[in-house]
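Model the full assembly from the supplied sequences, consistent with the hints where possible.
2 protein chains.
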Amino acid sequence: MRIKRRPFLKTAIGASLATLTAKAQDAPPAGKKLGWALVGLGSLSKNQIAPALLKTQHSKLAAVVTGTPEKGVQWREQYGLAEDKVYSYENFDKIIDDPSIDVVYIVLPNSMHHEFTLRAARAGKHVFCEKPMANSAKECREMIAACEAANRQLGIGYRCQFEPHHREAIRFAREQVFGPLQHVDAGFGFAIGDPKQWRLRKDLAGGGALMDVGVYALQACRYLAGEEPLEVVALETKTDPVKFAEVDETITWSMRFPSGLTANCLTTYHFNGRDDFSAYGTKGRFGMKPCYGYKGQTGWTSDPKIPLAFPQTDHFVAEMDAFSQAILQGKPFEPSGAEGLRDLLVIEAIYRSIASGKKESI
Amino acid sequence: MRIKRRPFLKTAIGASLATLTAKAQDAPPAGKKLGWALVGLGSLSKNQIAPALLKTQHSKLAAVVTGTPEKGVQWREQYGLAEDKVYSYENFDKIIDDPSIDVVYIVLPNSMHHEFTLRAARAGKHVFCEKPMANSAKECREMIAACEAANRQLGIGYRCQFEPHHREAIRFAREQVFGPLQHVDAGFGFAIGDPKQWRLRKDLAGGGALMDVGVYALQACRYLAGEEPLEVVALETKTDPVKFAEVDETITWSMRFPSGLTANCLTTYHFNGRDDFSAYGTKGRFGMKPCYGYKGQTGWTSDPKIPLAFPQTDHFVAEMDAFSQAILQGKPFEPSGAEGLRDLLVIEAIYRSIASGKKESI
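Going down the list, the sequences are from chains A and B. Position 9 of the first sequence, counted from 1, bears residue number 3 in our numbering, the numbering being contiguous throughout. Position 5 of the second sequence, counted from 1, bears residue number -1 in our numbering, the numbering being contiguous throughout.
Take the hints with a grain of salt, since some may be wrong.
When chains are identical, the list treats them as one kind, so a pair holds in a single copy or across two.
As the list claims (entries may be wrong) - In silico BS3-like links for lysine-lysine, alpha-carbon gap of 27 Å or less:
1) K277 with K190
2) K232 with K277
3) K190 with K325
4) K237 with K277
5) K277 with K289
6) K88 with K54
None of these hints come from the bench; they were simulated from the model.
Structure follows, in structure tokens:
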């Protein structure tokens, strides 16, 4: 699989903007809703995705897949699902015979994204997969190939690309409203709690803060840059080698892009407060803080006449309906698996740089 | 010369705080002012230092040293200097016979700091030297040795260490008001104008943005950390290889400190807007923006009950009077040459990292 450099302008952002601004004649039939099956009923599914599916126009909850039968009972009651709409991980492949399911939304620990994407594709379903797409670029490539072979779409849950502050920031960058971008600072992290959670297990999470939240800062740099980084240098620091025995606690990294743009990034599981980007152009500056959470996005710019301020939206409603619309209209969805792969290629270079102590090419 | 690791708590900050908070009985005789000779009459001397010397309590303008006779005439008229108080670079060494000069303040291009520090020390004068201290750690060591041999003090013009927002930020860090510091972001840069100026010539400036303004961001990280960085990784980017043929245009670097603290930094001669630090502790955050200029310092914290706000002060008045007071009281001044050397050791590691593409130890 060939991954092109600088694909953003034409593909990722371009296409997703196109999807969301589709003309009226491209709109799917009124009332037509695709059926979504949620795989993994953790807090993200429970508190964000399922409530969002009550508000979507082109998407509805069709089924759930869980390893915990008690959760299945709760969800049946809460969302009025029939008994045969609760699948287990074992009988998941039977969805091939369930025409009520159009899309499988994978909300599992990172290490399970690959397996369930392949199984969903084999069952003939479109796949929407949470970030990070997988634990390695190799897994990403196999997931893309599986969906291509099944002629099904593969979308990645990069919800910020559907959030209006982020979209306007991307427009600022593309249209050089503050001049060509020269530098981006971006950071996302938090003080993680429960030391027993799957996010701290390498076999389940693939990595630590970088995989889980650092990917948001990386995404922001990439979609603001509109080009792919050429090289990266990274440093890791660990204040609690017991809690973070298996995964990274805090990583800083810098990237250089073809245009000369640089980016400094931080991700951490150790302290709160980083949830921002600042973008520096030759004619001015803009940024967001808070930036990557489910709500509370707040923008700023160096020019009071050019605000970066929008009403709050539900990111999950936006991304799921965009995916459903793309399928209903037969148009390619972005951010697709190729976009998830591009992040994993950078993430792998960051880990290589930490291991080698050297600048690494992407 | 041996440079100790983690000397900050006991030396640099500790001593300079001590100097400024000296008890009344330590105060120099009322009305006693040391005579300062300014070497180099560029805009910094003209617009900042000489006006400050009209407001100092323990320091006064005693002489000027210039390579431009016309400037000497102007300065004599403006500041009422006698004819024999205007020295040239050639007859500078005659200051040995001028008891009105106690301190020589070196405000020359970086490459001349070394020579004039050695000559001033040989003339038996105390030396106050602008940042960056010199073009190399080797030069710094020779300057320190020369002043030690002459039994004269050597101070470095790190004026931010005398500015109340910075001093309070240092107190926040030392007293862990927001918990132990985990990360610092710091950046300083500007879009440089005139392509003919000495700052763009390697033989005069020693380096580019990093030497000139990056050193402020580096200083901030070091005095907030209160310890010396162990290692650094850096990236350089150049958008105008003609204008910046000899010196660096934009550099980003990351440092890791013994406590685990990390720092991400940026310096540039290419764009405006970076003039800040943000410090992240386990219990909260604080920072400054603007941060390093001659005025306009503005602080922020994550706790409205703990402000970081002070009236504006004249940094040059504060640093020169602190140096004079230290001499009058016979106490060691900080930031001294050892402190300037520590920055040059990091700066050299940053340049090594750019050249090697590797993480470099300090």
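What label fits K277 with K289 when the C-alpha limit is 27 Å: within, between, both, or neither? between (29 Å within a copy, 23 Å between copies)
If the cutoff is 27 Å on CA atoms, where do K232 and K277 land: within, between, both or neither? Let me know, please. between (38 Å within a copy, 18 Å between copies)
Checking an output row: K190 and K325, CA cutoff 27 Å. Within, between, both or neither? For K190 and K325, the Cα distance exceeds 27 Å both inside one copy (42 Å) and across copies (55 Å).
Between copies, within a copy, both or neither: which fits K88 and K54 at Cα up to 27 Å? within (20 Å within a copy, 89 Å between copies)
Indicate which option fits the pair K237, K277 if close means a Cα-Cα distance not exceeding 27 Å: within, between, both or neither. Between copies only: 19 Å across, 44 Å inside.
Should K277 paired with K190 be assigned to within, between, both, or neither, using CA atoms and 27 Å as the limit? between (48 Å within a copy, 23 Å between copies)
Going down the numbered hints, you'll see the structure goes against just number 3.
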